[in-house]
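Single-letter residue listing:
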Amino acid sequence: MSATQAINLGRAERRETLKSIGLPVVAIVILLVLFSVLSPSFLQVSTLVTILRESAVLLVVAVGMSLVIIQGSIDLSVGATVSLTGLVTASVTKDANVLVAVVAALAVGLIVGFINGFIFAYGKVPSFLVTLGMSMTVGGVGTWFVDGRPVQVTDAGLRWISQDQLLLGIPNLVIWALVIWLIFTFIATKTRFGRYTFAIGGAEPVSALAGIPNRRVKLWSLTLVGLCAAIAGILLTSRIGAATPGMGDALTLNSIAAVVMGGTAITGGVGGVQRTVLGVLVITTLTVGLNSMGVMPYMQNIIQGLVVVAAVALTLDRAKLTIIK
Amino acid sequence: MTSDTTPILVARGLDKRFGPVHANKSVDLDIRVGEVLGLVGENGAGKSTLLSMLSGTLEPDEGTLELNGKQVKFRSYYQSALSGVFRVYQHQALVPNLSVAENVYLAQERQFSKLGVLRKRDMERKAREIFEELGVALRPEMTLNRLDFAERQVVEIVRCLAQARELGITHPVILLDEPTSALTRGQIDFFFNFVNRIKDQAAQVFVSHRLEEIVGLCDRLVVLKDGEKVAENDRPRELSETDIHSMMVGRSIAMHRRERHVRTGSAEAPVLRLDRFSSAKGFSDVSLSVAPGEIIGIAGVVGSGKGTLGRAIFELGRGCSGEILINGEAPGRAGPRAGIRHSIGYVPTERHREGLVLGMSVAQNHSLPFIGAAIGGAVIDGKKERRDAVAAIEQLSIKTPGPGALIRNLSGGNQQKVILARWLTIGSKLLVLDNPTNGVDVGAKGEIYSILEQITATGVSVILISDDLPELINMSDRILVMKDGRVRTEHVVDADAPPEEVDLVAEMV
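Those protein sequence lines, which keep their order, are chains A and B. Counting in my numbering, the first sequence runs from 1 upward without gaps. Counting in my numbering, the second sequence runs from 1 upward without gaps.
So that you can see chain A by itself, here it is in the shape it has in the complex (with noise of 0.2 angstroms):
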């Protein structure tokens, strides 16, 4: 290889990386413009706080799944676990303190993505199929808790987990997200366990004769997503004032979507959980933004259905161009 060809290749993927983080930028500016054009109401600082409302539980959903994507596997059960460890939270606080409350939602979404993990990891069953199977067993679990009624939440303290505002006026669930988002995004990026997740998505054999512990690392990856629901399922609960069955269904393919929009290759080894935030912010504004014009809520799932079909497309392109599989 000559010098310049070696300097034109420096110059290419450095492209590809702008490119990748570019797209959903543009797309969030196009978004905003729009609805700024069509509905009068929708450019207010108010509507910006709406957005990042909205953002907060998908956000938190996302980044466990980016992790999972990376690692080249799915997790399908996370909106069922969202409702479930929702279902939890508000059943516990009738009787218990907050804290307790909390503990045995954490406790339940560790336990599906143990018990996801080690089906996959140990007993080589494809992700996809056990979090499938995975997802209508703890939706079933989680009507049957309550025998399908929704639970309103009375407690004073799990309002205040995510409805309350310390600091500036943002809303306390923003905080608990971008904390999480911050965590996941050390995680993937710096530590030991993020790089293994990176290197088991791209290349499994090449991880393994690496000394990496393969099945070991995909066990905690889905035991983490399933942590990152029930955290997504107290922040829900929490800021709508009540938990129901199948309040948690959508989250799973809006997750799938916001990763992948955010420059993750749905193959696994290449992207990054700190990009999934701009999938997410792409999703809500979209959602926001119809909501604001006052669409319809079946229209509504047209236009978001064909917006991800579309973004997945452009998105799946640029994976093409950074991985070869």
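No lab work stands behind these hints: they were computed from the structure.
Below 30 angstroms or equal to it, Euclidean Cα-Cα: the simulated DSS-like pairs (lysine-lysine) are: (1) B:K384 x B:K445; (2) A:K190 x B:K383; (3) B:K225 x B:K399; (4) B:K429 x B:K399; (5) B:K384 x A:K190; (6) B:K399 x A:K190; (7) B:K25 x B:K225; (8) B:K429 x B:K383; (9) B:K445 x B:K399; (10) B:K229 x B:K445; (11) B:K429 x A:K190; (12) B:K126 x B:K199; (13) B:K229 x B:K199; (14) A:K124 x B:K281; (15) B:K70 x B:K25.
Just so we're clear, the structure is a prediction, and the values are computed from it rather than from any experiment.
Go by the hints and put chain B onto chain A.
For chain B alone, coordinates are given in the frame of chain A:
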């Protein structure tokens, strides 16, 4: 000789640039029926670019192509195939779950269907006829994935001939792009036999890294260097490999000769000792002792167990019986992580499948075993990672834009050097190398040899598993020949009277 026949495909002044890179500089080429034209050059000399321009996957910036005296312009491979110019890729373009006949007539189904219904039997009959005519003993109704690699390679060439016939072309042009790189010695003979047999039915261009193949097979030779045709020879059979080397690199490369440091007396404790080391996966009863600074060469055909033995040593005998001692001690745990922690390094034979994470940077690939075996802390020291990579890049003169460049953009030789550098950086004391110069150009090969020479001088031991016999003879202190999972013979290599290749081959088969 057939050089008086008029060429079927004539290329004049083919020129191609990729940005600042001038990949092909006004190349002329004549391809004739009845001969095999050898095309050689180092990695990056422009061989693949040239083949792509001949077969429609790349459009030349300048220059013309004439097929049977008529000027042609191919805009896609499909067009070029319709005109009778076929390409056989290094990695086969066959569908494994279809039958042989279906593969032979892939994309020609229209000829075999009536009212949209495919008539398999016609297809198989026709394929059988052509197989019989060419003397190929394959059953067309077999599923492709039951054939071995060489047989599939033959199916691919038969496909070119068969499809040409369907199109009414009597003499197709077949471009063979490194077809032998994944074949074993026996398979290569089988394959060459076939190439020779179809000589008068087609014009063939043969690209290979293995110069002895060029010498043995080709009727004419074209050498590319930096995109230019630097030499053309009508009698390659009379050339030696060294002659061709010097044409390729513009200088003559002396065959590498390693300085041997035979340490008299066994005062030093062996780095590795194997005693009746056996595995159900392919070797048994191997007893061996490796001294510091020693290179043990292992020869054997594919399936002799040499590869599995190397892997088992790296994994400290996971799933094996018998005894393995590292520095005189039995390791507690087995597996790659334990092997790395016991200072054993491993370079697998399939670089892209087992050696590299292609989506990662040079630095990340370089630090893989350091981080993978959890030698450092739980948080990655990014500065150290970068520093180590930069040091390795300088030390082994790895050509890369920088430590942050993606590994897949490096040439094969440089990728291999990154894999070697991993183990040098973490200070491995025993390296197990499985065909370390596979698919690496001549220049990088020499550099890898000097690296091995340097590290063995510092006391690092090497187990060199290789299909390249001159490499084994030149580099090893001792050569073990394996057959059917057992060590058959052992040669102590005397620099003045090294073992002969023919003797080793005789013991291998």
